[in-house]
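Okay, here's what each chain looks like letter by letter:
There are 2 protein chains.
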Amino acid sequence: MVDSRKVSRRQFVTSAMSVAAISSLPAQPGLAGISRASSPAAMMQQAAVALTDSPGWKDQGIENLAKSPHAKLHDIPVRAVTIPSGFWAGRREINVTKSIPTMHDLLEANGRMNNFRRLVGKNNAAQIGPVYSDSDIYKWTEAVGFVLQSGDRPELRAMTRKMIDEVVAVQEPSGYLNTYYVGDRSSDRMTPETQSTGHELYCIGHMLQGAIAYYRGTGDRTLLDAGIRFVNDFLIPNYGAAPKKPIVSGHPEIELALIELYRITGDKRQLELAGYILHGDERAKFPERRTIYMFSGTPFTARTKLQGHAVRAMYACCGATDYYLETGDPAYWKTLTALWQDLSQRQMYISGGVGARAEGEAFGEAYELPNARAYGESCAAIGNMMWNWRMLAADGEAKHADIIERALYNGINSGMSLEGTLYCYRNPLAFDPSGGDKIRNQWYDTTCCPPNLERTFASLPGYFYSTSSDGIYVHLYNDSELSWHLENGTGLRVTQKTNYPWDGRVDLTVAPAQPSDFTFYLRIPGWAEGAQVSVNNKAVAGAKPGEYVPIQRTWSSGDVIRLRMEMPPQVIQANPRVTDDAGRVAVQRGPLVYCLEELDQPQGVSLINVALDLGDTPSDKFQSQLQTDLLGGVVVLRHTGRAYENDASANVLYSGYSGIQTKSRRLPLTFIPYYAWANRQATSMQVWTPVYKA
Amino acid sequence: MVDSRKVSRRQFVTSAMSVAAISSLPAQPGLAGISRASSPAAMMQQAAVALTDSPGWKDQGIENLAKSPHAKLHDIPVRAVTIPSGFWAGRREINVTKSIPTMHDLLEANGRMNNFRRLVGKNNAAQIGPVYSDSDIYKWTEAVGFVLQSGDRPELRAMTRKMIDEVVAVQEPSGYLNTYYVGDRSSDRMTPETQSTGHELYCIGHMLQGAIAYYRGTGDRTLLDAGIRFVNDFLIPNYGAAPKKPIVSGHPEIELALIELYRITGDKRQLELAGYILHGDERAKFPERRTIYMFSGTPFTARTKLQGHAVRAMYACCGATDYYLETGDPAYWKTLTALWQDLSQRQMYISGGVGARAEGEAFGEAYELPNARAYGESCAAIGNMMWNWRMLAADGEAKHADIIERALYNGINSGMSLEGTLYCYRNPLAFDPSGGDKIRNQWYDTTCCPPNLERTFASLPGYFYSTSSDGIYVHLYNDSELSWHLENGTGLRVTQKTNYPWDGRVDLTVAPAQPSDFTFYLRIPGWAEGAQVSVNNKAVAGAKPGEYVPIQRTWSSGDVIRLRMEMPPQVIQANPRVTDDAGRVAVQRGPLVYCLEELDQPQGVSLINVALDLGDTPSDKFQSQLQTDLLGGVVVLRHTGRAYENDASANVLYSGYSGIQTKSRRLPLTFIPYYAWANRQATSMQVWTPVYKA
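Chain order of the listed sequences is A and B. Reading the first sequence from the start, the letters are residues 2 to 695 in my numbering. Reading the second sequence from the start, the letters are residues 2 to 695 in my numbering.
What the hints contain is simulated information worked out from the structure, not anything from laboratory work. There could be a bad hint or two in this list.
Any copy will do: because identical chains look the same in the list, a pair fits if it lies in one copy or spans two.
Said to hold, decoys possible - Straight-line alpha carbon distances no greater than 30 Å define the calculated DSS-like cross-link-like pairs of lysine-lysine that follow: (1) LYS664 / LYS694; (2) LYS400 / LYS68; (3) LYS439 / LYS306; (4) LYS286 / LYS439; (5) LYS664 / LYS545; (6) LYS539 / LYS245.
A quick note: this is a predicted structure, and the numbers were derived from the prediction, not measured.
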């Protein structure tokens with residue numbers, strides 16, 4: 002998604018001037034026609050497509066991989082896991098009670114629903130917002146859909162159902178549905194330029210995701226049927242391989258949505274259309290610059306590195322992995338693993354954020370990971386998590402869960418304020434408030450990140466476990482209760498008791514419906530050196546960081562798995578090719594990346610003059626302290642540092658080398674979890690701190 | 002200027018597709034019309050504008066500041082200084098005997114002159130090359146013009162005069178002259194879009210600069226008159242403040258050319274037009290992104306920092322300084338000094354190169370100075386030198402001469418191979434050949450840098466001295482002979498004897514026509530701590546690095562100034578806000594920045610694992626050695642370093658901190674001057690080397 006404040010938007014999006022021009026036009030004859038033909042009543046009369054989904058909607062996970070032939074792991078339903086207390090319970094409660102409702106009001110206040118209403122004559126307002134404004138509604142709907150999967154919220158459901166009715170009322174008889182390409186702009190529909198920049202398919206992709214989540218939350222097919230009509234009536238008959246009209250996704254999103262739709266309808270044409278788009282047959286139509294930026298329009302399997310717009314790249318990788326899960330195409334797997342290597346070895350921030358450059362909201366070159374300039378869009382970190390979730394389903398490798406956890410706790414979690422009403426678009430790893438950048442905002446005209454964060458937190462229970470043919474995998478730790486079944490149908494409850502991520506002790510009580518022989522795959526996070534595992538107080542061997550320890554036995558109700566992970570603060574260095582982190586270290590404790598905020602340091606000390614004095618035995622010297630009154634309750638880390646007395650903020654660009662030893666004085670440094678930064682008054686922040694050389 | 006291989010070109014320049022489309026058209030009716038009306042004969046009959054320039058063409062410098070009211074210093078003619086031997090003599094000889102002739106052949110081979118010939122029916126070829134291709138010819142003409150200012154080269158002069166005839170033959174009766182916007186493209190002339198991206202005025206700016214240099218080299222007005230016709234007949238009557246049509250420069254260049262033209266013609270309308278363009282009245286017509294990139298189209302005096310396309314920004318600053326030199330407008334001076342602070346404190350490479358980003362060939366943010374990714378276009382470094390030359394004329398401050406010297410010896414000098422036939426477009430400060438980038442090339446389709454380098458080396462004698470009302474300034478040191486006069490008319494010869502930049506001893510023999518009381522301003526470079534000055538063996542006090550030491554006395558023929566500068570290798574650190582240089586140092590000796598090339602280091606050692614072991618007393622431990630057989634003769638620096646044994650090139654992005662002390666072994670490191678890099682086989686290079694921590 003494109004930040005409206007950024008240059009890239011002006012470049013690719015129909016300009017504000019055109020919007021203004023449209024708004025001054027008299028009532029458009031086309032609009033009345035639309036409203037007549039597409040009244041809800043007319044729509045209802047159309048025969049609904051029979052769904053062949055199995056299991057039924059209540060039992061479908063974030064992805065319904067039950068019948069995906071190349072999925073090693075299978076999602077469990079969101080509703081199968083409850084999170085009654087602990088770290089994520091509070092965050093999720095705020096998401097439902099504050100973030101989602103206030104975002105609804107802001108979407109209304111910013112005309113996102115009026116865009117639909119005006120097309121059925123309910124107002125005479127002009128279209129408001131960027132070309133992709135419909136997607137804001139759909140992403141918000143998806144957030145609600147996931148909320149409802151965790152339990153009914155009648156008010157929220159009713160409010161959303163009303164919005165869905167207003168959305169489907171706008172659908173044209175052809176199946177087309179978009180509030181921007183109407184009236185005079187109808188002739189621009191699905192032209193190569195519009196496909197490239199107009200976000201029509203991006204919007205429909207999010208509509209499908211929203212529809213599917215709402216369906217899985219309620220069984221209500223209204224929006225889903227509208228999505229099916231768009232795909233089956235408008236898209237499939239007209240677009241695709243010759244002799245049909247060509248198609249490009251422009252902003253990847255439709256691919257993963259089409260495949261998830263296929264997992265409900267069983268209609269293979271939807272999968273094939275996704276494959277056609279991923280194959281990028283339209284590569285000849287766009288200059289290379291555009292296909293790089295779009296991460297589409299050229300064969301996915303010809304990619305060798307992550308480049309271009311980061312969110313586009315991540316969503317494309319999601320779609321391609323979904324395609325692999327259904328087809329097993331080895332060329333896709335080869336590309337996906339190569340891109341994943343590029344991600345994890347060269348292009349990912351320690352926060353799990355991706356996208357180094359503000360210009361084009363893009364990936365940079367290998368090892369280009371600037372901190373203050375980091376873009377790290379919230380949506381891109383979410384895309385990273387979504388992609389790794391799919392990769393994990395494909396190969397069951399814990400390295401993907403490590404990235405999911407890293408992104409979730411840090412680069413995603415940072416995106417929403419602790420109060421739940423302010424959002425980051427950028428998530429830099431260093432910050433200087435003197436530039437005047439208000440890093441957290443209630444609203445962005447391109448408001449992709451806020452509802453994206455909301456849907457992610459709402460869907461979180463669905464990421465805790467997966468099943469496999471031989472047992473169950475646990476990926477995430479938090480107080481929680483799983484109530485589900487093994488793939489052979491045996492009922493299974495798992496209760497987690499833990500104060501994770503503040504503490505590394507996790508007790509899992511396993512309760513199959515009857516004694517049962519299966520493997521419990523317990524994730525040992527990559528950071529958890531020396532983790533100890535026991536079952537019923539009997540040690541289990543084989544726990545290795547960054548792997549699942551398989552515990553195969555006959556499980557009976559009341560069996561207790563004890564996972565014990567030490568959580569010493571860890572001092573992390575980056576590959577020396579990351580020049581922006583040279584001579585610097587980051588601090589991590591458990592899954593949490595830490596940072597310094599200037600306001601926590603002794604008064605008068607500027608972060609730019611500060612170094613961490615590690616002495617000889619780095620991590621021993623940290624003091625960890627749970628501060629329940631700070632930032633919603635966090636473990637704070639303290640360590641000796643140094644403040645250089647020669648002010649490093651001087652205005653000289655180049656000067657004679659002053660030697661390794663420069664005058665400094667000792668001072669205590671206080672680190673807070675990165676996700677909690679920028680929740681107090683504006684102050685400098687940094688994740689990577691120079692090491693003091695004694 | 003835009004690198005044709007880069008994305009920015011596709012964005013702003015009429016695409017290759019359009020060119021191809023044009024080429025397939027039948028003969029265009031418009032062309033014949035042009036050739037009829039604009040035959041050389043017809044042109045000759047037009048009355049030439051009377052020139053009011055004073056002094057005459059032979060006595061004009063790079064800029065003719067003789068009558069510029071706000072110039073503190075005044076240029077001396079290029080021909081007033083001869084450079085018989087030493088560092089620049091060889092470089093300039095290669096420039097004249099190899100670079101300029103081979104570039105002529107390449108310009109021909111790549112159709113640059115055929116673009117002119119086809120318009121008078123001499124061939125049926127299609128227009129070849131990017132939209133700004135005419136400027137290649139003009140910049141090359143300027144190089145020849147400067148060569149001829151140092152002495153006649155009849156063959157070169159004849160060849161160039163022939164080209165000039167072919168150029169002026171194409172000029173239309175209106176005064177318009179451009180080989181791209183002809184035929185079907187005539188209707189695109191000077192539209193807002195074409196002004197913004199079409200480089201029409203950029204081409205004419207270079208035409209005027211070429212014409213002026215050729216005029217000053219030969220007294221030949223042919224091309225100059227064509228330029229005057231374009232400006233006076235086509236531009237001034239039709240474009241400017243309302244009710245005329247609006248104008249924007251798009252790629253600044255016309256501004257400085259118009260003002261230099263005014264300095265010859267005395268036609269104030271030319272100065273006023275430059276002022277109108279600099280004032281950027283057309284700001285409302287372009288989105289902010291475009292005005293940032295163009296560094297034009299918005300009031301110059303509203304700028305607060307360097308941004309956008311680096312060459313555009315530098316040329317705009319040149320034009321604005323020229324405008325200040327003529328008008329003394331304090332708003333301009335305020336902006337210029339603010340931008341200069343930004344340049345020198347936040348945005349300049351140690352090489353004098355500018356423009357951190359390949360994307361948009363642009364300035365980055367403050368302190369964004371990546372090394373391997375550095376763009377540092379040769380043209381931008383030249384623009385930096387040109388701008389500082391103008392700033393120096395305005396205030397006489399040696400800090401500008403320091404930047405001129407830094408850019409000239411390093412970031413400009415690196416742009417041309419030692420053989421004189423290969424050119425850098427980018428001048429990065431670190432390089433890894435495994436990417437396959439051929440850093441030096443004979444030809445670029447956007448061939449702005451090669452003739453720009455050629456004109457710079459050809460004009461070099463003009464940068465050695467300036468006069469002021471009270472005496473003379475010396476800026477650059479090299480074996481040379483000045484034969485000129487003080488501003489009061491007293492003849493003056495100055496002979497420099499030195500082996501600069503390899504040695505810091507300079508003897509200047511001063512010979513006024515008669516004993517004369519004036520001030521000799523001797524530049525003490527910023528790096529020259531402890532420089533000693535004497536006149537006739539009597540010490541002169543007051544020599545400070547980065548200042549001119551004023552030596553006021555009655556000078557008589559045979560007086561000898563002795564300047565003695567120690568040249569210990571200096572270890573330089575960058576402001577800690579330059580994160581890319583954190584923990585690293587650069588080595589400089591005299592004006593030369595040094596670098597490591599991997600092929601000079603012990604076999605099997607990878608630069609990425611190397612650190613400089615400075616011990617306690619950095620510079621004492623360097624060994625300097627003149628190697629006459631290496632790279633055309635260079636002083637090589639050697640110092641103890643370390644090679645880390647843990648291979649830093651491993652594929653792990655983040656890992657546990659391994660402590661400051663990592664296993665390493667001693668080895669000798671060999672540094673060569675940066676300008677000479679990439680003149681042997683492909684190998685890794687870096688300017689900034691990590692400091693070993695014992």
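Checked hints:
no., hint, verdict
1, LYS664 / LYS694, "both (11 Å within a copy, 17 Å between copies)"
2, LYS400 / LYS68, "within (24 Å within a copy, 72 Å between copies)"
3, LYS439 / LYS306, "between (32 Å within a copy, 21 Å between copies)"
4, LYS286 / LYS439, "between (39 Å within a copy, 29 Å between copies)"
5, LYS664 / LYS545, "between (43 Å within a copy, 27 Å between copies)"
6, LYS539 / LYS245, "neither (64 Å within a copy, 91 Å between copies)"
The earlier numbered hint that this structure contradicts is number 6, and it is the only one.
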